[in-house]
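Start counting the sequence shown at 5; every next residue gets the next number (the working numbering).
These aren't lab readings, by the way, just hints derived from the structure by calculation.
Ideal Cβ placement from N, Cα and C applies to all residues, glycine included.
It cannot be assumed that every hint is accurate.
[Unchecked claim] Simulated DEER-style distance windows between Cβ atoms:
#	residue 1	residue 2	range
1	LEU47	PRO25	26 to 32 Å
2	ASP65	PRO44	17 to 23 Å
3	GLU58	ALA29	17 to 23 Å
4	VAL97	ALA31	38 to 44 Å
5	SER78	PRO105	21 to 27 Å
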Amino acid sequence: MYGVPTAKTATPAVSPLAGEPIKRADAERLAGVLKAFADPARLRLLSLIQSAPEGEASVSDLTAPLGLSQPTVSHHLRILTEAGLLEREKRGVWAYYRLVPPAIAAIADLLTPPRKRATKKAR
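Use the sequences and the hints to build the structure in full.
Structure (structure tokens):
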């Protein structure tokens, strides 16, 4: 159901907080995904889609709550989709977007210090 991340958007296997240097290519991939997160409108889009009744939304569902035009919302959705954080499904003339939980979880895991991660998994 979830798209496979591309080489451009795949998250690195080693966390920058793991206690060892992160490779340049891994740092660049992670920075690209974090750039997608680093916009208030995109953060709101992720929140709105996650909280939608079916866990998915179309551009028309998102323009009014954001107070942005359709082309601007579509632009932000494209960036989030290219980063591997959203999945897009075309149904007739509409496209519906949903979160890719494994991608979001991978980012959270990479940014959680190893000690906290071990405590969290032990619960």
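Comparing the hints with the structure gives:
1. Under the hint 26 to 32 Å, the C-beta atoms of LEU47 and PRO25, about 29 Å apart, fit the expected range.
2. Under the hint 17 to 23 Å, the C-beta atoms of ASP65 and PRO44, about 19 Å apart, fit the expected range.
3. The hinted window of 17 to 23 Å between GLU58 and ALA29 is violated, with their beta carbons roughly 37 Å apart.
4. Here the CB-CB span from VAL97 to ALA31 is close to 40 Å, well matched to the stated 38 to 44 Å.
5. A beta carbon spacing of about 23 Å between SER78 and PRO105 agrees with the range 21 to 27 Å that was offered as a hint.
The structure fails to meet hint 3 from the earlier list, while all remaining hints are met.
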